[in-house]
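Residue numbers (numbering that gives the first Met the number 0), protein chains in the order written: chain A, 0 to 336; chain B, 0 to 336; chain C, 0 to 336; chain D, 0 to 336.
Worth double-checking, as some hints may not be accurate.
[What the hints assert, rightly or not] Here are the simulated lysine-lysine pairs, DSS-like style, with alpha carbons at most 27 angstroms apart:
hint : chain 1 : residue 1 : chain 2 : residue 2
1    : B       : Lys26     : B       : Lys13
2    : C       : Lys301    : B       : Lys43
3    : C       : Lys327    : B       : Lys301
4    : D       : Lys19     : D       : Lys43
5    : C       : Lys18     : C       : Lys44
6    : A       : Lys117    : A       : Lys75
7    : B       : Lys301    : A       : Lys324
8    : C       : Lys327    : D       : Lys327
9    : B       : Lys301    : C       : Lys43
None of these hints come from the bench; they were simulated from the model.
Protein chains: 4
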Amino acid sequence: MIIQLSSTINNFQKDSIVKKVSEFGYKVSEVKTQKGTYLISIGKKEFDIRQLGFLSGIEDIHRVSDDYKLVSGKWKVDRSVVDLGDGVFIGGNSLAIMAGPCSIETEAQVELTINHLKENGVQIMRGGVFKPRSSPYAFRGLGVEGLKMWHKKAREAGIKIISEVMQVSQIADMYDYVDVFQVGARNTQNFNLLDELGKVDKPVMIKRGISGTIEELLYSAEYVFSAGNEKLILCERGIRTYERASRNTMDVNAIPILKEKTHLPVVADPSHGIGIREFVEPIALAALMAGADGIIYETHQKPEEAYSDGQQTLDFNESARLIRKLLKAYELRETAF
Amino acid sequence: MIIQLSSTINNFQKDSIVKKVSEFGYKVSEVKTQKGTYLISIGKKEFDIRQLGFLSGIEDIHRVSDDYKLVSGKWKVDRSVVDLGDGVFIGGNSLAIMAGPCSIETEAQVELTINHLKENGVQIMRGGVFKPRSSPYAFRGLGVEGLKMWHKKAREAGIKIISEVMQVSQIADMYDYVDVFQVGARNTQNFNLLDELGKVDKPVMIKRGISGTIEELLYSAEYVFSAGNEKLILCERGIRTYERASRNTMDVNAIPILKEKTHLPVVADPSHGIGIREFVEPIALAALMAGADGIIYETHQKPEEAYSDGQQTLDFNESARLIRKLLKAYELRETAF
Amino acid sequence: MIIQLSSTINNFQKDSIVKKVSEFGYKVSEVKTQKGTYLISIGKKEFDIRQLGFLSGIEDIHRVSDDYKLVSGKWKVDRSVVDLGDGVFIGGNSLAIMAGPCSIETEAQVELTINHLKENGVQIMRGGVFKPRSSPYAFRGLGVEGLKMWHKKAREAGIKIISEVMQVSQIADMYDYVDVFQVGARNTQNFNLLDELGKVDKPVMIKRGISGTIEELLYSAEYVFSAGNEKLILCERGIRTYERASRNTMDVNAIPILKEKTHLPVVADPSHGIGIREFVEPIALAALMAGADGIIYETHQKPEEAYSDGQQTLDFNESARLIRKLLKAYELRETAF
Amino acid sequence: MIIQLSSTINNFQKDSIVKKVSEFGYKVSEVKTQKGTYLISIGKKEFDIRQLGFLSGIEDIHRVSDDYKLVSGKWKVDRSVVDLGDGVFIGGNSLAIMAGPCSIETEAQVELTINHLKENGVQIMRGGVFKPRSSPYAFRGLGVEGLKMWHKKAREAGIKIISEVMQVSQIADMYDYVDVFQVGARNTQNFNLLDELGKVDKPVMIKRGISGTIEELLYSAEYVFSAGNEKLILCERGIRTYERASRNTMDVNAIPILKEKTHLPVVADPSHGIGIREFVEPIALAALMAGADGIIYETHQKPEEAYSDGQQTLDFNESARLIRKLLKAYELRETAF
């Protein structure tokens, strides 16, 4: 059960509510986010919700039978839209396209990418400065200095930045230079990281775990939300299966299922979802038709020379064509059907 | 290596070719299909293909490095189109839509379904008369008598029939009453069944195994082709993974990968691919945008009362809406991009 | 619910029972096996079992909540033991060891293998004469002629034979020459084959499907049992997962779980379970300690020259050492703990 | 290539080696651990190793073709043994048994567990004070205060402690109170955590990821080793598959494979491996026979009342019986075969 508190509630009123709910045998957690205050009440006994309704300070009460509560689609009438500022949104009535290299490599690369994005009307650039790598001997990214360089150029161009945060100590280092924190597939259940991101007032995009379930992804989002941050985006990026003909198996099913289970925006990453450059386009279009609110993919001026993930990275011509097709398919999905 | 023989070749010429190829250390299998005769030559030694080219009776020679040969996309310039007669095709320049109930149940049901299909311009009806069921105590289908009843009504209406064949002895029983034999996901590696279907002059659609790889599906098709039947269609229907929020995981990646690896038409089954009625539509559209040549799905006048698979079956309103959207999306994919 | 009928029941008595059970809203199937006659009654309504107990002709009544009934461990007090004749058993108070090549290849090979088995006290020889192969161009076995040759030598030596049957038509061909029919991992859900094997009075060993669930394996056994054949053995042989360091993932968990869920004997195949020759021994010992009633593995006089599966086949020295260790470990498990 | 440096090497000598190796086109990383200094050299060109051998300051040179180097079994003649002090070891010529509750709950529980372990000769106690939980509303452990309480009692009893560390900041907090840091299955690829644990002089046990490959586990160990800490143990704890009859699928294959690929000790966790209390014993014995150097499992005075994982936790009677059987089976494995 989620009890939304009125913004004018006083402590005495709140205590009365907590006391009453506890009397029904429910455990109560208070959650304060950027947008409101909630009492999450977990218990098993049935009782008549009207026994609470007369108390002062309550804005609304929602029964939510899911084990995740705040991210559940069962209580929120409107789908959440994440505002990145300057008229850039993820979710709602537009398609969010996020593109850029796997790794931030050089100033020249950043400039070329930004020009490509601006020419094609893309407002959000992806790129890694901290790279999780299986082998300790591989390139691990340019770090915060690379991020600062990138941020400077992106700000000048009016481009928003999404970049992966790998550990708690990086949150503060990155805070001033990113518009969206990305939680990678290896950190979907790094609960300490999620807790800390819940205390931050910046959007967070959580990628599904390498073999994470849809339910686990929702729980991970619940961690961030219940720690205070409502600005959440979920990302399907393919799962690990027995099939070896593709890097991962894009779970296109997850898109309509997530859209029904949660009010949060859902984006798809076809680059990791299939892992094969020539097939990123059809998989991106498939994810879009399945209902995705946005697409995030990898592009580079010379994929063959990329420091990482070159085999799944589009060149700028392929990227421009994909953007054009995405917009047409989005228009069909939203208006012409 | 595939050696396509000329239609006017004589035995003496053929023997000369086989002898020559054997001298290079290659094992030769002769394959005779409805459309031609091929010598499949398997070996490791490299040799100059021109050493064969001068022999009489050869139409064309193709190097094919894949372990499956005849179904490989590497040797055939044009994609295969399967002709069902009366202007009905799977593959080529049209979208093949196949719809109908999981199980054929009653005459009334067949009539209602045929009417629904005709109203919406669908030319191929699916339905099972032999049902593979996990439990021996479950409904196993109406059998051949049901098929005859269905066939009579379908012929009158000009509708083609696709239906599952479960064992060798059913091939002869069904032959006169189906337009496409379907090999189900539990029989993808029933090699005896595939061998026998290779001797038949009717199209065969092979579904991917419950946890079959893309490569295994291609090998299964190679069985049918090498036994003499070129009229083949492949079907992606979801694979078994750890995820429990859907019945199967629709492997949308398999569609562009198969379209590149083979010249055969590729269709998708969103009903089994996700297994949840309300999400069949977005998954069907996703599969289409990924490149499918056709969509096969389950529909029933009252899904709640279907003998089997009701939870993933569309009613006729939902089906009509899906058909409309599929045609619009297909038009976008083929022309408007 | 399983109603075991008395061996002296008459038709009038049986009809009365069926009528009574049907009145409770239950669907009744009669099952006649080598050992008895059962009425399998499936329904949802609760009723007092004593309302049946007074009827004549009933030996025993068992409530079985599992969806599979006859193979369930819930109704049979004693574990089943499969008798191969001449004092050879699978299940019960001995360890069944079954060894031999993947494929029967030559007379010399059969003789060498039989000698090896006799020297080491092994009574059951495995070997394939019909080989399911992914590629149609691979060796598919010696067929029935090979089986007859093998059978002649095995009979002379007092060795029992287990061999795979791939399709219905082979049952009659093989009947006189095998002691146990093996259903392979690609045929676990070939329901027609299972039905027909239920009509045969010879033991059947069913391998778990390539990615079959434990429950599906039990249902497949229910097919054979409910068609009339109680002489059943189940075999765990590894499942398909994402891990690529081994051919399959030996699901050692399945052994104690199956032993609890069913009264049938459970054997393990470590050769396919890991697929790596040097590790067959530890996996065989692991499966034994997990509770297996028997071990089936591949051995060949020269594994490097085997027609198939050489990479997972033991030579005779390795095989002799494994047998010695299995017997010691079995003794520890049964007596010394 | 791993170049082990002599303990008396001087900087001038080291620079000469690095220079020489770099000239061959190899990238060199210096690794200093508790036990020695290594130059890890990664490159592709072949050269005669004797061209290095004459240089001063080299103890030994090993070619290692695996991508992980320091943990590879290809260069180290002797298997590693991890010394916990006071005559307690993991690896080598003894079986390491580690037992205790999922979560540390109360002083009484700790005392009862310690008594149970001492009575049965177990020297290492497991228990969690930081609990990774899918849901943010679940019990997350007693934290450092709980660890201190536990540590005090364990020290008095002469019992060693293994406990999970979830994030970098906890390393310093836990350092004085644990004998082995455990990295949980959700953190196997938390590369920052691994890096930091490489700087610590305490043993680290890394659990395989929830769906991690064997190779990824070895890479994760390489992270810790290459950051300076050789005191490493690997743990197989079951993987995520499609099978739902058990919590995880115990990958018993991984044990002999790991034992061959690495010189590090390998232990098994049957509690998580199957997740069903009554089957923990057979799976523990199976893992032992597959070659495990140790077994870690969950036990609690009243499993039904445990704060977490009660369904897979042994009571003390079951635990005592398991220990007795493990020791007998270990004796058989090591001496009587």
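Against the structure, the hints:
This hinted pair checks out: Lys26/B and Lys13/B have alpha carbons roughly 15 angstroms apart, not beyond 27 angstroms. As the CA atoms of Lys301/C and Lys43/B are separated by approximately 24 angstroms, the hinted pair is consistent with the 27 angstroms bound. Pair hint Lys327/C plus Lys301/B does not hold up; C-alpha atoms about 62 angstroms apart against a cutoff of 27 angstroms. Taken as a hint, the Lys19/D and Lys43/D pair is honoured in the structure, with Cα atoms around 15 angstroms apart against an allowance of 27 angstroms.
Distance check on the hinted pair: Lys18/C and Lys44/C sit about 16 angstroms apart at the alpha-carbon level, within 27 angstroms; holds. In summary, the hint linking Lys117/A to Lys75/A is not supported, as the alpha carbons are separated by about 35 angstroms, beyond the 27 angstroms threshold. Taking the CA atoms of Lys301/B and Lys324/A, the gap is near 37 angstroms; set against the 27 angstroms cutoff, the hint is violated. Distance check on the hinted pair: Lys327/C and Lys327/D sit about 12 angstroms apart at the alpha-carbon level, within 27 angstroms; holds.
Pair hint Lys301/B plus Lys43/C holds up; C-alpha atoms about 24 angstroms apart against a cutoff of 27 angstroms.
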